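J.: Chain by chain, the residues run as shown.
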Amino acid sequence: MPKIKSSIIWLQGLTCNGNSHSFLNYAHMERFATSFDILYHPLLLGDTSFEAILQSDVRVDFLILEGALSRDGDILQKFGYPFHKILDELSTRAKYIICAGSCASFGGIFRLKDETKISGALFNGKNKGGYWNEKTNVINIPGCPMHPAWLIDTLFLLQKEDKISLDEFLRPKEIFSYFTHHGCLRNEYFEWKVDSKQLGEKEGCLFYEYGCQGPMTHANCNKILWNGVGSKTRAGSPCLGCTEFDFPKVGLYETHTNMSLPQTPFGISKRAYYSLAGIAKSFKIDRLERKLIDENN
Amino acid sequence: MKITKEIIQRIEGEATLELEWEEEKIHFARIKFFNFRGIEDILKGKPLHDAIAITPRVCGICSTAHSMAATLAIESCYANFGEHLHVSQKAKDIREIVLNAEKIQNHIKWYYFSIIPELQKLKNPKLPPHAFKDKAWFEAQKAITESLKLGAIFSGQWPHGSFLMSGGVTCDPINSDIVGAQNCLNTVMVFCETHLYGMEIEEFLSFDCALQIMANNASLHNGVESMMQNGFDSFGRSYDRFLALGESFLYESASKCFKTNVVMADVRYVSESLENSFFDKGGKGYTYSKSALYKKNYCEVGPLARLMIAKDPLIRDMHRRFKDSTLTRVVARVAECAHLLRRTQLLLESLNIKEPSYIKPKSNMNNFTCEGVGVVEASRGSLIHKISVKNGLIKEYDIITPTVWNLGNGTIENPSIAQKAILGLPSIEKADFIFKSFDVCSVCTTQ
Amino acid sequence: MDKKSKKSEKILDAALLLFSKNGFYATTIPDIAKAMGMSVGNIYNYFSSKEKLAKEIIKYSSDILGEEIRKVNEQKLSSKEKIRAIVAVYFDMASTKPQHINYFLRVYLANKEVFKEGCEGMLCVSAFVTELMIFFEDGVAKGELRNQDFFSAFGLFMGYLGGFVFLNGEGVLNKDLNDYVDDIALNIYHALKLQ
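Protein chains in written order, with our numbering: chain A, 214 to 510; chain B, -2 to 444; chain C, 35 to 229.
Chain A extracted, bound-state conformation (with noise of 0.2 Å):
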């Protein structure tokens, strides 16, 4: 018996399609294409024309959205239409809707051009109510981009069980309930409040001066780790919190302090942070203040 696939549909709002060529990254693109079917995606030539599917009637399992939204004719279009007569009528036919990355889920950067006009697709940014006020089947998968990975374990488990467990901004809780601070390599000088001096070692944490948002950020970069190496911080560079949907912040690369004080981890109180950070700040540890790997000894 051959196997029954789920079927996709790809739109595109205001995007830099960085989404799509992150889902074009899947590590087992195989596997994914005998469970499911892209019967359109903007990119690649496939069977259908769009034309075709807007005419028909078919219905689809999943509608996946990426970039951000706008009912503003002007600013985006598709195929000679206004964009908000395609996305109406395409998701009424689909089973649910996936907004991928942070811009179809939060508005992400391209709102900050007019947030009156452009947003997500049920927020925009913290706010509820975006392109829509309510809708059930909506799943958002942010990030910018959002890694393979947490795209198609979404839809894997969507098509064997109905129910998925999501979070208040609606992020399946399975990626979204790790922070990127979670397998950090650098996170014994986190516990040690050993700041980094400079860009470019090894050594230190970028919590303290350079922005990073590691422990307030939903995401689990640092355990999946992206393209099958790396991440953000494991190249040395600060998170910037771009599953979160405040992203982008200002000033991404420093630490925005309120009298020397940062932003405290999610969840965790200021005075309990405060306390330790105190309390650890006050020990040198010789083996952190030195190069992680020592040439002279």
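Quick caveat, the hints were computed from the structure, so don't treat them as lab data.
Please note that the accuracy of each hint is not assured.
Unchecked claim - Short, incomplete list of chain A residues facing chain C, as computed with Cβ under 8 Å:
1. L474
2. Y487
3. S488
Said to hold, decoys possible - Below, computed lysine-lysine pairings styled on DSS-like, alpha-carbon distance capped at 30 Å:
4. A:K216 x B:K130
5. A:K326 x B:K29
6. B:K130 x A:K373
7. A:K376 x A:K308
8. A:K330 x B:K392
9. B:K357 x A:K497
10. C:K40 x C:K150
11. B:K308 x B:K427
Treat the numbers as computed from the prediction; the structure is a model and nothing was measured.
Just so it is clear, CB atoms sit at the ideal spot from N, CA and C, and this is done for glycine as well.
Chain A is fixed; fit chains B and C onto it per the hints.
T.: Frame of chain A; chains B and C shown alone:
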């Protein structure tokens, strides 16, 4: 005169082509882009270094190139402010390795996901396309992921990696990282040798005659044969005028080339035109895209431009036979991939990890009021970022992308590069393919 | 609190009074034992050395003052009002339980060698410093205080208060310590507020 409207798809977005036909041939074409994000506006008022993270989001397939251009523009700001930042050779090499990894991915992706399927479609419109189906497609996809993995070892991730800062790079690799990168590169090279060129890269790079690339049954040969059958050895010719403003190992310095005559070029002679765009105060605009001119002329940028300026023997021979037709353009890009592979191999072998990755600037950027320009050779051609800073915040940001160079809103008297390339074509399908030979990037055009 | 903790606290109180009046080196464990009506050996059951006792005292004082400032932090007041409340709390403690602030000035600051190991950095005054961090961070976040380095603000606030209590101890002030609360609070507020 007949006027038709066609939508060109699969160009990292879409464009609407308004064609004027005369005697069954294309007389003129207006290329229209209707989606607009306004990143240049979004950047205004932001702290200077935010540009390194925000500009990659202009385009998901060449994000490294944008981040590099922003970084170079910021370093240029430091220089104009009075502090020349010293970037170590190690940092320069890492930057080039990561950019090359992105370019190699771009070239392979374009050839296997766009050029080959489109040629197959021209041959037999009823043939089912092979995305997510053919073994060849999956193999190309794997090669692409390996190339990006190579880059991600240094940049953290792709798309939208984060490893650049004014003064160097943020990563601090060790020897096993380099071995990992070499392993990835080897996989990509094996793919290219087996499937794309049908021979070893060194052998391919030794060619100086077009006939030599016809000798086997590999993808390149098959593509060339198919293009010749469709007349692309004469279709697609433009001004035969080339420009490469960014640095490259292929040639000495920024240059311009008319036919085979190469002269030095300077980014100062670049101007932007808003004519016929929605930003044009005259009100006759029909698109969100702009035009770019060098000394008031349209110039082609991209792999063909780079290899013509480099006086590459194989491409010079192709040019001798087929001028700047679509065939030459496509072969040039496929050939550039081989150059990039070898160059990246050399860079990895000679990378000196003992040098510092990053040298901290001394100036306090909060006092900055100045300007800077950064130029990079991205996959599709020269990419320019121009910044104006006031008190450490971005006042103005101007981006000119390769597609802005190659497309353009010209007139019948003075058509742009791509407009000229499709003049006289007998079919929209052939015009469509010519756009794809330039690898038009719709999102880069309308930032 | 169990019996042993209660006893410990009483020893701390007694030692605190003696140290703050006579100094660290002039006070002996036998002195403390006598004040408590305990044997010297029994004192050592609770605190293994005079140095250990000294460090526990500074933590103890810090906890008490920190707890008072915490109460201020948890009230819904403006930064200006909180500054006044903190100054009031500090001066009240300096008036009614002068041994704490005296110990800090006379013993902790003056005998750093005693506190070198085990009280590195701000380790032993953590409870108190944390509450000030919370106060400052909140003030800047609300847009009421000027954003600056923590230590410049901390030094201004605490240096002023500690120095003023010292003057009080020298007997040179014109008025009762608590009568100075309003003026001092206003000076501090004007120095730290967002212009």
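J.: Each of the hints needs a verdict: does it hold here or not?
T.: For each hint, the structure was consulted:
no., hint, verdict
1, L474, "holds (4 Å)"
2, Y487, "holds (5 Å)"
3, S488, "holds (5 Å)"
4, A:K216 x B:K130, "holds (15 Å)"
5, A:K326 x B:K29, "holds (21 Å)"
6, B:K130 x A:K373, "holds (23 Å)"
7, A:K376 x A:K308, "holds (12 Å)"
8, A:K330 x B:K392, "holds (24 Å)"
9, B:K357 x A:K497, "holds (24 Å)"
10, C:K40 x C:K150, "holds (27 Å)"
11, B:K308 x B:K427, "holds (29 Å)"
Against the hints set out earlier in the document, no violation occurs for any number.
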